[in-house]
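There are 2 protein chains.
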Amino acid sequence: MLHNTKDSMLRARAAKVVPGGMWGHQNAANLPEGYPQFFASGSGCRVRDVDGNEYIDFMCSWGPVVLGHHHPEVEAAAARQAAMGDCQNGPSEAMVELAELLVDTIPHADWVQFQKNGTDATTMAVVFARAGTGRRKVLVATGAYHGAVPWTSPSLSGVTAEDRAHVDHYAFNDIASLEAAVDRHQGDLAAILVSAFKHDAGFDQEMPTHAFARRARELCDATGAALIIDDVRAGFRLHIGGSWEEYGVRPDLAAWSKSIANGHPLAAITGNDRFRAHVSKTFSTGSFWTAAVPMAAGVATVTALRRDDGIGHMRAMGERFRAGFAALSDKYGVPIRQTGPVQMPLVLFEDDADLAKAHIFCSTALRAGAYFHPKHNMFLSVAHTAADIDAALVAAEAGFAAVARG
Amino acid sequence: MLHNTKDSMLRARAAKVVPGGMWGHQNAANLPEGYPQFFASGSGCRVRDVDGNEYIDFMCSWGPVVLGHHHPEVEAAAARQAAMGDCQNGPSEAMVELAELLVDTIPHADWVQFQKNGTDATTMAVVFARAGTGRRKVLVATGAYHGAVPWTSPSLSGVTAEDRAHVDHYAFNDIASLEAAVDRHQGDLAAILVSAFKHDAGFDQEMPTHAFARRARELCDATGAALIIDDVRAGFRLHIGGSWEEYGVRPDLAAWSKSIANGHPLAAITGNDRFRAHVSKTFSTGSFWTAAVPMAAGVATVTALRRDDGIGHMRAMGERFRAGFAALSDKYGVPIRQTGPVQMPLVLFEDDADLAKAHIFCSTALRAGAYFHPKHNMFLSVAHTAADIDAALVAAEAGFAAVARG
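Protein chains in written order, with my numbering: chain A, 1 to 406; chain B, 1 to 406.
These are calculated hints, taken from the structure and not from any lab test.
Keep in mind that this is a model prediction, so the values were computed, not measured.
Where hints are given, some of them may not hold.
Identical copies look the same in the list; a pair holds intra-copy or inter-copy alike.
As the list claims (entries may be wrong) - Computed cross-link-like contacts, DSSO-like style, restricted to lysine-lysine with a CA-CA straight-line distance of at most 27 Å:
1) K198 - K281
2) K198 - K331
3) K331 - K16
4) K331 - K6
5) K331 - K375
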């Protein structure tokens, strides 16, 4: 068993002063038995909980850590900036440098505006689409996650019908359903909002088909609606220039966050010149949105990703991970489904509707030193080496053996 | 004249890659002639722009910097935490410490939940009020700022009517208008949302009357609605336990941000036990909300404010500031109005609807080394000493003299 004395103590203290002890996606109550709630430190692809247990990490802080925890170049850039100024009366030179770097890196981007949360970026992208088109309706894929605020939250608690009055749905990769949704809102369609790929927790992941991506663009061109790609989760892991670059499809607006500054808090909207004037006329702001430290961290992060082909490395490590899991699945006669991009692995067990197998697998692998997730896509980082993947596969083998034993 | 070579160059670069060159409340296009857009560093109550001009600062990064820029204790705590972990797979021990400290500091608070933006806190406080009451209507004061998202943005660009379908208005400090608004929504009133005091930019500030504060509480008690105080701007400057403590009026929910961690990005909702279960059942989250560095900075900030009676110091310095401005106004025969709490000064000139006097005053004082604001409330910090106030009054005198010259 893992030591968890301090984690248990902190959970008891948190239960008194935080509703439910913890909120949201990081609530360990939703994780398999044995998973720690509280973390102490991280370095490279390894994380350490408050009791000193160390794991090879496959969540990367749920995405932000794309170069690895406590990346030396990023932290040095952040520390240099912190020694000067962070949250000031206005932005810093680093904001301009990052904006220029993103415009240089992302082909559809004529401009950038920064925020803090991914949800800030998706929410304001929709506002900008409405401002730019003078229309109201936004189409989103059924089941897609775009943030936890009333217009799009997966939870209906505290949400009113009016919060979603102008949101309608299509099925991801289903061209006919997208066309039907567009038809329903002739003349009032502001935007088609689409995730970089289908990554709804608990479901097989699904890359967009070329035909679907192209048709989404065509429908926006035909109707004048904005194509918005939510690249918050996938951004800078699939393609450095935006996740649909490989399909030759460019959005009008895109939402970014998570990995943009390797864990420093930052989000961004990129867009094309069609929307520039409307963005500058729409008031949008937050107290910490121009803070300089995340901007400096962002410059270091994107620079390193480009220079070192970080995405190519993550893809290679993801293929090693996927092949290893497939081999273990065969060896132990435990069928699994691996879907989506290899650098954002999702492993689901066959005949596992209640996730019992996934929980046995994860709890066992955790004790063997690998931090996997039972139903949410995982994340690789540039810090994962072949040796790290192989070490994690040893832990995974313990998990498969446990599932095979039942 | 101030040097502005680098600022001008950065503005030209930013104009290409950021819509309008800059967005939101920090856009220097809204400030008097000569104000810099880009900042390099800050220390104590002094800030330096990218051209090396130094100013005694009365904006404190628009509120967050409550102890002074680059406060040694806060930055040391932040650096210690950063050396371990910041954005991780879950929260840190520092989150529990800060939650406990806030519950200990804020009498109405039985619990805390953390976010990033002040707007996250106001938005989710409304969601929690709706979740807890099962009702929809929220009353806000006409003209009050609670964030820049569709349900409450001061800008209507990209906003639909439905975004505000359940928001109704009352006039701040007008009991009859509040009662009438409550009457309009019998049985469907989820919350009365009220700023700590009236601090609408460009208008005289107004503290709540005791009678208004008490009546807001009574109306919530009578109807079962939640009383939500938006303490994002005033929090930790008026009263360490929440801005309405001195009226003996406690909210059910309060929104905090800005000064909670002396510039590190953090927001919080505090609440009482009536809403605890509803909060824990409502999904709310953000990628960076449990990041450990701002939590450690928050512990250091609130600890220092309590230990050193930071609010008492800011009040004393604010009185010195206000008396000095009053004396200069008399000396130069230039009538002004000074309103609101002294530690958040607002100075408006009589007969100055177009802010021409305010702009002459500010531009002149800026050249003399003080960074004032022409129409938004300003902020004092614990770092302002009597000597700093007196030095700023010398700059202010240059401004008054310029206004008197016309």
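- Task: Up to 27 Å between alpha-carbons, please classify K331 paired with K6: within, between, both or neither.
- Result: neither (38 Å within a copy, 64 Å between copies)
- Message: Within, between, both or neither: how does the pair K331, K16 come out at a Cα-Cα threshold of 27 Å?
- Response: neither (46 Å within a copy, 57 Å between copies)
- Query: At most 27 Å between C-alpha atoms: does K331 with K375 qualify within a copy, between copies, both, or neither?
  - Reply: within (22 Å within a copy, 71 Å between copies)
- Measure nothing new, just compare the shortest in-copy and cross-copy C-alpha distances for K198 and K281 to 27 Å and report within, between, both or neither. Between. Shortest inter-copy distance 26 Å satisfies the 27 Å Cα cut-off; intra-copy 33 Å does not.
- Homo-oligomer pair classification [K331, K198; C-alpha up to 27 Å]: neither (29 Å within a copy, 69 Å between copies)
Taken one by one, the earlier hints fail for this structure at numbers 2, 3 and 4, listed in ascending order.
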